Amino acid sequence: MRVSFEVNGRQLAADVWEGESLLYVLRERLGLWGSKNACEQGECGSCSVLLDGQLVCACLVLAAAADGSRVRTVEGMEADRVGRAVQEAMVEAGGVQCGFCTPGFVVSIADLLSKDPHPGVLAVREALAGNICRCTGYVRIFEAVQKAASRL
Amino acid sequence: MPRPDAPAKVRGAFDFASDLRAEGMLYGRTVRSPHPHAVVRRIDTAAAAALPGVRAVLTAADVPGKPFYGLDKVRDQPVLVGVGETVRYAGEAIAVVAADHPEQARAAAAAVAVDYEVLEPLTDPVQALAQGSSLRNLVIRRGNPEAVAEVVVKGFYEVGQQDQAPLGPEAGLAIPDGEGGVDLWIATQALHVDLRQVADALALPPERCRLRLAGVGGAFGAREDLSMQIHGCLLALRTGRPVKMWYGRDESFVGHVHRHPAWMWYEHGADREGNLVYVRATIVLDGGAYASSSHAVVANAAIFGCGPYRVPNVLMWCGAARTNHVPNGAMRGFGAVQSCFAHESQMDRLAAAVGISPLEIRLRNAMRSGDRLITGQVVSGAAPVADLIRRCAELPLPPPAEGRMALPGGAGNLAEAADISRGEGWALGYKNIAYSEGSDDYATARVRLERRNGHAVALVKTAAAEVGQGLVTVCQQIARTELGVEEVELEPADTLIGDAGSSSASRQTWMTGGAVREAARLVAEEVLKRAGPPGRGLAGGQVVDDEGAPLAPLALLLDEPIEREFEHHHRQTGKLDEDGQGDAHVSFMFVAQRAVVDVDPEAGLARVAQVATVQDVGLAINPLQVHGQIEGAVAQGVGLATMEEIQTREGLIRNASFTDYLLPTAVDMPEIVSELVEEAEPDAPYGAKGVGEPPLIASPAAICAAMRAASGRELCRIPVRPEELSGVSETKPPRELIPGQPPA
Ligand code: FES
Ligand code: FES
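From first to last, the protein sequence lines stand for chains A and B.
Its first residue numbered 1, the first sequence is counted upward by one per residue in the working numbering.
Its first residue numbered 153, the second sequence is counted upward by one per residue in the working numbering.
Pulled out of the complex, with its shape left as it was, chain B reads as follows (with noise of 0.2 Å):
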C-alpha cells in the first residue's frame, strides 16, 4: 500500500515548514556568535532597528521566561546569550530580528554590533574528561572486570563526526493569536516535547501555544532538540504579525546537534576457541556545549559497547565530555553506531588471532534469547543473531565490477580494473526500541468512528511526527485493519490531543501504533455492542459474524459516532545501578551485515559494490517502507564510512556546506540485498520491532572491514580518509588509555 502523501509530494503539492506562508508574514533571521568561548560584553541593536523594513530585534532581555532550554531534565541552554554571559560553541544565538523582506533581515543581522570578551576554547574532549568537564560518566562492571584471557587484542578506533543532513532546512512560521498566545506550525520530532521548552520561555500556560506539525523534510535526530522554536514565537508576539524563520545550510550546521565523534580504546580477552571472557573498553565521547541528550547517548554506547555477544566479564567506562563545540545529541543509531565500529573491528582482530574466520568468531559469541546483556538484562524476547548470520552469508555475492561509473574514483576515470583489489567485511549491531533508563514512555491515539455519505469513515488523530518515516501508512493500516474500513483520514498532529512521545528511537510503529491499535479496538467493541449478537467482528465496512459472514453495514450503527482515546504505555524501566546494572530497556533489534568493497590501494579510492543485510524485525506491517527504512540507513552508513564528516578546528566547523560535507549519490549507492527475519515480538503491538536504525549502526563497521580486507591497512578511524587507505598516513590514538579506566 502507497504511502498517503506520497501523490501530494510528487506533485510538489505538499508544504514543508519552509513552504508556509501567511498573510503580513514577516521574515525572522538569527545573530549568532562567531566565537566559540566568549563573554558578551555589549550589545547594541540601534542601528539594526533603524534600518528599512525591520520590525523587532531582540535579545536575551525580551525573553519573558525561562531563559534556558534544552531536553535533559537540567536545562542548559539559553535562549539566546546575554551581557555578561558566556558564548560556550561558535554559532550560539545572541538575537533575533524580524523583517518585511528576508534580504532586509539579513541585513538587520549583520547590523547587531556584538562586543565578545575572547577567551580561550576547550576543544580536546579527553583532556575535558580529564579535567571533569563531562555531561555523563557511566561505567558498567560485570562479573570479574579484572578477569584474564589466553588470546587478548587491543585496538584503538575512531569515528568522526557525522551530520544528519535531512533535506528540509530548519523552518517553522509562528502566528500570534492576537489574545497574548501564538499557533505555531514546525518541523519537529516531537511536538509536546517542545512545546513545555516553548511555553516555559514564553511565560505562557501550554494551552495558549498550540504546537502543529508542518511538512517534515526528514529528521534523524536532528529535530530532537529546539532549533527557531522559541525565537519565532518571540518575534510573533512582539511584532504581532506572522514569523516565518528558516535556516541556509551553512546555519543549518550550528543549528542542530550533531553525531557524537568518539575515541575508543578496547581489550578483548578470549579462550583458545575464541569465546569471549572478556572486555574492557573506555569510550570518550564529545558532547559539544550543552547537555542535549548526551546522557542517554553515553549509555547507549556503553551499553551496546560490546556488541551482541554472550561476554561473561566487562570493565567498561564511558563518558560524554563538554566542549566548546556544537552540541551534540541524538542520531540515528544514538550511540550504538560508533561502538560498534570499535567492537567489530575488535571482534575480526581476535578472529585473526584465534585463526577463525570473522563469520566463525561471531557465530561462536552469538547472543541468543533468555542471554544478559552487559547490565545483566534478560534479552526476553526475540534474539535471533545466529540465524541472521547465516541467513546473511547465504545471500548472493555481487559480481565483478564493470565499467568505469562501477570502480572506485567512478567517472573521475582514476582506476584501472587491474588494479583493483575486492575485500569482505562483517558486523553485526544491536540497539533498544524506545525510550530507556525509567522514562514514563507513552503515545496517545483518538479514533472516531463516523458515517458519512453512507458509508463509514474512521479518523486517526495523534501528536506523532511523520517525519518520512512512513507512520501516516502504519497508522491507516492498523485503523483500517481493525475496523473493517476502506476509508482511513488522518487528522493534522498538534498538541491539541496529548502527548506521543518523539520520532525517534525506532519507537512510533510500537508507541503510537500501539495507542491507534488500542483506540481502535475500543470504537470496535462499541459498534459490536450496538450490533448485539451474533456479531463478532469488522470487516469489509460490515460487521460479520464468527465465520466471516456479513450481517450489517457498519454504517447503518453510526447514527451517533464513536470516538474513543487511548494511552499506550510500554513496560517500565529500571534505572543502572552503581555498577551500570539494570533493566534499562524494553525491547532489542538487531542485523547482520556483509559488505563487498573494491578499494584501489595506490589511489586511496573505494567504492561499496554491495552491502548484504539481515535484520530482525519482528513482523513487518509493511514490507515496503521496511525495505525503504533499511535502504535509506545503509546509505547514511556508506556516508559514515567514506566521506561524511563534520571538519572542526579551534571550535569552528569548516565544511558548513554541501559542497564541502559530502553526502553519498546516486552514483555511490552500492547494491543493497536485505532480507527480513520474522519473528513475532512478545509484547510489541502486532509482534512489529522498530526498524531505521539497525542497518546504520552495522554498516560502517562492516564497510570499513571490506576495505581492511581490500588494503591490507589497520583502518582505525571512520570515514577512511584517502590517505590512509593508500597508506601515506595512519590515525594515531591522542593519547594512550588503559581500557577501562577513565582519562586520567
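The following block holds chain A by itself, in its conformation from the complex (with noise of 0.2 Å):
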C-alpha cells in the first residue's frame, strides 16, 4: 500500500507493506536514518519523533495508521530555535557519547522545552522518564537542557 506523509515540511510518499511501522519506513523506505531502533518496543525513547506534534515513539506506530499526518524528525530539528538550541546544548554539555539515544532525547528534549521552556529539576527527569542512555548516566543531558533552556 501507499502512504504519505508530511515529513520535517516535505510531502513524501512510499509503498509499505502491511505491517511496517512508522520508524521503519522512515528510516528504510524515506532514508532518514536519523531515529534510532534500539528496541522497536516503546520502551527506551530512541526513535521518538512528533506526530502531528505529539510525542511518540515512532517504533509503535504503523506507518498506515500514520498516512497523511505531519511527522517531524530528529533530522527537523535544525529548523527552529529550540530544535538548534538543544542540538547546541547536548554538544557543549558533553550530553552525548555513542550518541544513540541522542537523537530521541534532542526529539523530547525540543518537544518539552518548547511546552515549558524553563522546566524544574524533577520536572526534566519525568519528562525524560521515557527516553533510556545507557552511557551518560543523564547527568550531562539534564545540564544540557538547562542550558538550552537559558538561551530561549
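To spell it out: a stretch of chain A is covered by chain B in this simulated footprint if at least three of its residues, at any positions, have a beta carbon under 8 Å from a beta carbon of chain B; those stretches are: (1) 40–53; (2) 67–77; (3) 97–106; (4) 121–128; (5) 137–145.
Between beta-carbon pairs, the in silico distance windows are: (6) A:Leu152 <-> B:Lys218: 56 to 66 Å; (7) B:Pro216 <-> A:Gln41: 30 to 40 Å; (8) A:Pro117 <-> B:Glu546: 33 to 43 Å; (9) A:Gln41 <-> B:Pro834: 48 to 58 Å.
Keep in mind that the hints were calculated from the coordinates and are not lab data.
None of these values were measured; they are calculated from a predicted model.
For each residue, glycine too, the CB sits at the ideal point set by N, CA and C.
Reconstruct the complex from the two isolated chains, following the hints.
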C-alpha cells in the first residue's frame, strides 16, 4: 500500500507492507536514518518523533495509521530555534557519548522546552523518563536541558 | 573541547552500524536453537529456500574454513551448529538466511526445520564445578593460608547476571568485493580480533577481508565477542550481494555474552584493631557454554578479590563453571565488580565486629604505593587509596528527599516521607588497566602532516574502536598538542593499518593514545629537522624557538608531507605461578565511594539519593569526558544494585526485553558528586590512567551497604529485591562451602 506524510516540511510517499512501523518506513524506505531502533518495543525512546505535534515512539506507530500526518524527526530539529538550542547544548554540555540515544533525547527535550521553557529539575527528569541512555548517566543531559533553556 | 562526532550525532546524521545500506542489499537473519542442550539430528532448509525473496539458507556445511571461533586461545564456539553436533545454550545459531525484505528473512528463518534430540541442561554452576565442568580454576596462596586471627567474620554473597545493554543493536553490513573477498562494516570493540576469527572461518587470507568500523552504539564488553560478523560475510559471499544484519532487542540478549553471575563464600580474619590478618574465599562464576573471556575474568575476580587493602595471608579459590547458559564474558569491571561486592560487604562486617566505623576499617588497611597485591606484585605506580577515602568523606551529603519523585517508589506515590529511613554505605574498588598475564599488548597509529590550502593539517589513523568513550577526542587532542596544529582529521578506523587491540580494560587512552603521541613526536622531529636551528618546538601552527617565539609557519615546511607510524607496547607482564603469584598486571586504578540511599522498609522500595565518588585517574586529559565516564559507570552500578538482572530458568532467559529487563532512567538517577585525584602515573602517556571501569566496581557495593544501613537487613545479594529489603524473604547460599576450598 501507498502512504504519504509531511516529513520535516516535505511531502513524502512510499510503498509499504502492511505491518511496517513508522520507524521502519522513515528509515528503510525514506532514508531518514536519524531516528534509532534500540528496542522497537516502545521502551527506550531512541525512535522519538513528533506526530502531528505529539511526542510518540515511531516504532509503536503503524506507518499505515500515520498516513496523511505531519511528522517531525531529529533531522527536522535544526529548522527551529528550540531544536537548534537543544542540539548545541547537548554538544557543549557533553550530553553525547555513543550517541545512539541522542536523536531521541533531542526530540524529547525540544518537545519539553517548547511546552515548558523553564522546567524544574524534577519536571525534566519526569519528561525524559521515557528515554534511556546507557552511556552518560543522564547528568550531562540534564545540564544540556538547563543550558538550552537559559538561551531561549 | 567537545567531541568531534557530537555535532553529527545531535542532528541524526551519524551512521551507526544499523543505519548502513547499500545498493541491492539483502537482509540476513539467524535461526537459533530454542533448547539449551540438544543434539541436532536433522536440518531441512528446502521449505525456507523456496519462499519468496529468499536468496540463501546456509548451515554448518557451508562454512568453508575453521568451524569454530572465540576469544580464547582455544576457539570453542561453533560458527553454526551442524547435524550430529551439540547445542550448548538456548539461542545458539543453527542456520542463517538472506532475503530481499526483513519480513521475508524472518519467515524463512521460521521455515527452517530442525529436529533436536533434547538433553538435560547443566544449569547449576556449583554442581558443574564439583563435577569438573570448568573453564578455568585459579588458586592464589599468599603467606600462611591457614593463618588464625582474633576477630573472624564470614559471609556468603551473590551477584545476579547483568546485561551490558548497549543501546545500539548488534549490526553490520558485509559487501562482497567481486573477487572472492569481502568488506565488513561492523560495530565492534576490536577490529583485528574480529578479523582473525572471520578470516579463519571464511578460509580467506586476512588481507582479503577488510573490517571497517561502523558507528558503535555503546559496547561495555558486549562487542568483544563476535555476533553477526562471520554469518553476514558467509551470506554476502554466497549471494554476491551486500547483506545487512541487525539483532532485535530480544535476540541481542542471546546474541552477546553477559556479566558472569557470582556466588562467593568469604572469611576475613583481623586483629582487635581491625588490621587484616587473612582472607579466605571461594568465588564461583557461571561461565556459560563457551570460553569467551572467562579465563581473564576469573583472574580479575580473584586477584582483586580482597580489595585495595594490605592482606598478608590469603587463600583464594576462583572458578568459572561451564554450563548450558548463554556464554558470559566481558562487561565493564570484568570480574572485579562481583568480588568487590563480597570483599566490601565483609569489610563492613569486620568493622562492626571490631567496633569501628566503615571508614576507619578501610583507612586502617588501605593499600599504598609500594604495597603488594595478593599475587605478590608490587604496586609501583600511584595508589592514593587513603587520600581517596578522606576526600570522599569530605564531599557534601545530599539534602533530605523532597517531593514525591525523589522518594522511593517515585511517581508510584507509594512512600510517605515519614516512613523513609536514610542509610549511608561505603566501598572501595580497584582494577588493572590493559591486558594482563603475559599477553603482548600493543596499539598502532599513523600520523601524517600535510599542507592543505596553505595551512598544516594532521591526519591520524588507527584501528581503535570509538564506542562512545571519547577516544576520538583524546586522539585529536594529543595530535593537536604534539604538532601545534588546529586542524586534526581522524581517518576511518579499519584493518588497513596495524592492530590497536580492543576498546576494553580501560586501555585505549594509554595504548592508542600512546601510539598517537609517539607517531606525532616522530613527525614533529622531522619538521624540526627540516626547520633547522633555532627551531625547538611546534605551537600555534608555527615552528617556535626555546622561548616559544614563532620562527616560521609549519605549512612552509610541508612541500613533502610527513608520515610516521608507531607501534606502542606496554611493559611486558608475567604469568601467574601455581600459587597464583606473579606480576600479571601493568597498572592499577582506584576509587572510593559513598552512597546515600532512602529506603521504605515496609514496601521494600529504595531510591539512591546520592553517590559521592573520588577516583584516582592519573592526570585527566579531558576532564569533561572523564566525568562523563564516571557518571555513566555509576548509573550502571545503580542498575546492578537495584534492578538489573537477566532471569534464567532451566537454561532459558525469561526477560529478554527492555520491558522486563529494567534499566535506570532519568528518574532513578542519583545526584553524583565526583572528584578526581590527579597523580601522574609514571609509565602512562601524559600520566593518564584509564577511567571507565572503577566507578562501576564500587557503586553496587556502596549502594547495597547503604540499603543495609537504612533497613537493618543482611542483604547478601544484588540486585536487592524488594522482598529482601522488606524482610519477607532472604537469600540463602545454594550450599555450604568452606571459604578457600573448591566446590566438592
Ligand atoms: S525503538 Fe522505539 S522505543 Fe525503543
Ligand atoms: S550516549 Fe550512548 S546511549 Fe546515550
